[in-house]
Every structure is written in C-alpha cells, then in structure tokens.
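Asks: Residue numbers (the numbering used here): 1 to 304.
Warning: the hint list may mix true and false statements.
Stated by the list, open to error - Here are the in silico distance ranges between beta carbons for each label pair:
#1 Ile33 to Asp199: 32 to 38 Å
#2 Val267 to Asp199: 39 to 45 Å
#3 Arg84 to Glu152: 39 to 45 Å
#4 Glu152 to Glu88: 40 to 46 Å
#5 Ala169 to Thr58: 51 to 57 Å
Said to hold, decoys possible - Think about it this way: if two alpha-carbon atoms lie no more than 25 Å apart in a straight line, the pair counts; the simulated BS3-like pairs of lysine-lysine are:
#6 Lys148 to Lys16
#7 Lys148 to Lys280
#8 Lys120 to Lys51
#9 Lys120 to Lys130
#10 Lys16 to Lys51
#11 Lys298 to Lys107
#12 Lys271 to Lys298
#13 Lys120 to Lys60
#14 Lys107 to Lys120
#15 Lys71 to Lys107
Calculated directly from the structure, the hints in this document are not laboratory data.
The C-beta atom is built at its ideal place from N, Cα and C for all residues, glycine as well.
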Amino acid sequence: MQYDIASKVILSHCRKAVLQELCGLRVKDAELIEVRPQETASLRRSDFVLKALFEDGTEKMVLLELITAWKKYLPLRTLETRCRHLLEEGLEIVTIMIELRRCYGVKDYYHDNEVDFRYKVVKLYEMEAKEVLRKGIKCLYPFVPLMKGGSELVEEAERELYEGEESRAYKADMLTGMTIMAGLVSEEMALKLLQRRRDIMIESAAYELIGQERYEAGMQQGLQQGLQQGLQQGLQQGLQQGLLLEAQEMLVNALEERFEIVPRAIVRKIKGIEDREVIKSLFRIALRSNSLEEFESKLERAIK
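Required output: the full structure, derived from the provided sequences and hints.
Replies: Written as structure tokens, this is what we have:
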C-alpha cells in the first residue's frame, strides 16, 4: 500500500521523533533495518524494524506495525516477524502497533492455548495535532491530518514545511508523505495539497507512489504540463483505489470479527465491488446482520 511506503520515507527522516513522541520511548538514536531479499515473501511493507539505542545505554529492536485496518490474525504475522528478528539479532524487542486511523476490532494482545503475546497500541487519531505544531516537530507534520484536530491545522503545517529552511529533498518527502496520509482522511484534502505543492513534491523519493508510470510518460514527452497533470491524475487515481481497497478490507475484517470464517466466494464478491458507497452501506449491514446467510442475501441484492 502507498501509505506503507510513504511511512518508510517519513521514518527515514524521523526515526527518533517517531519513537520518542509517538511511541513514548526514551531513545538517543535509531537506525532503520532494511528488509533482506529472502524475507520479502513473508514480511509486509507495513512492518518497520529499527535498532534503537536507549537513554539508559541499552540497545533494543523496535518493531513498528502501521495499520489502517485490522485483521484478526495480524498479531500472529507481527509475532512471526518479531521471532525472526529475535533469532537473528538476539536483542530484546519492543513491539508497537500504530493505528493511523480508528480501526474496527483492534486489540493489544493475542492469546491462544499456548501463546500470550502483548504489545503496545498507539492511537494516532487521539493525539493532539496542535501539540505537534506547538513543539515544532516538523518531521511529524505528515501525520497531522490523521491527528485530533488535524484537518483544521493541515494548511498551517504544510506552510511551515514549505517555507522552512530544511533541504528541498526533505521538504519534498515530508509534503508527499503528508499528502498521502491526508488521503486516509479526505481525498479532497489530499488533492488540494498536491495542487498547491506539486512543484516540490515531484522531487520526492516517494514520487513513484503517486503515479510513476505517468511521471515517466511525462518525462518522455518532455512536457512539463503533461508531467504535472500525470502526477495529479496518478495521485487521484491512487487515492481513490487505496480508499476503495481499505473499505473492502474493513468490510471483510468486520465480517471475520462477527462470524469468524468468511467464505472465499463472499470475499471475491466484495473485492469485485468498485463503488465505495456500496461498500460503506454493506459495512452497516454487516454490523446488523444476524448471520452470514442474511448478509450474503443482502450482498447479492446490492451488487445486482
């Protein structure tokens, strides 16, 4: 997902601030551990592993999982990643899930007959955006749209980033990250950010998230107008597709939470719906349905 890669771009600049200000860890420094090629089949891009030096002199691994939707067995996949790094690094590991937006059914533990796995959940949407701006922690500004009161402060945060004295590459990454994160809240907000700051965002290392193919087509044509239009169209399409996929995933997760096992046939039908408003209405139906059969009957009517 584009939000995952955008998060990595932000973390490349803001490791210490994320661990200190968002996660409440007292660290002196941290480095992002790159995923090894042989691990890519089982690791998700929403996993970020950092090696951190704490203020008390100890060195620990920090496993961050950024989530926009909850899956019942997400903790098990996170535990898999934790075990792998525990075996490879031999260091104590702190596991933290950062909830980028309110997710249905989030838990801060996993328990079965043999496993008791507990971790910290950070609810980003409950954090005050005004405090981040008051402290002037610019590398956290991309998360402002997701924070409490953030919608009203996005333009202020954007302006401070754009007019700041930091390098142009830094500002490009931060503004691109902010635009993509804003897409989790409002497509309109994200597109307004792009329209105002696309002159610098195109220089970000994350430009591929918002339409690399269109960007390259614009370069081949040699037309700046085509380049900018391609970038904007790419982001708009990416945001729309991302929001649709998130809505589909949230609906499937809600059904799993209520009825445990969801037949693949139902999942395929949900994945085939391309209207986000239909998905949203089905989500409400899922919460009210007394059985999967009742939901499936209403699903059939909705997609005809």
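Asks: If a hint holds in the structure, say so; if it doesn't, say that too.
Replies: Each hint tested on the structure:
no.	hint	result
1	Ile33 to Asp199: 32 to 38 Å	holds (34 Å)
2	Val267 to Asp199: 39 to 45 Å	holds (42 Å)
3	Arg84 to Glu152: 39 to 45 Å	holds (42 Å)
4	Glu152 to Glu88: 40 to 46 Å	holds (44 Å)
5	Ala169 to Thr58: 51 to 57 Å	violated (33 Å)
6	Lys148 to Lys16	holds (22 Å)
7	Lys148 to Lys280	holds (23 Å)
8	Lys120 to Lys51	holds (17 Å)
9	Lys120 to Lys130	holds (24 Å)
10	Lys16 to Lys51	holds (11 Å)
11	Lys298 to Lys107	violated (29 Å)
12	Lys271 to Lys298	holds (16 Å)
13	Lys120 to Lys60	holds (16 Å)
14	Lys107 to Lys120	holds (9 Å)
15	Lys71 to Lys107	holds (10 Å)
When each numbered hint is compared with the structure, violations occur for hints 5, 11.
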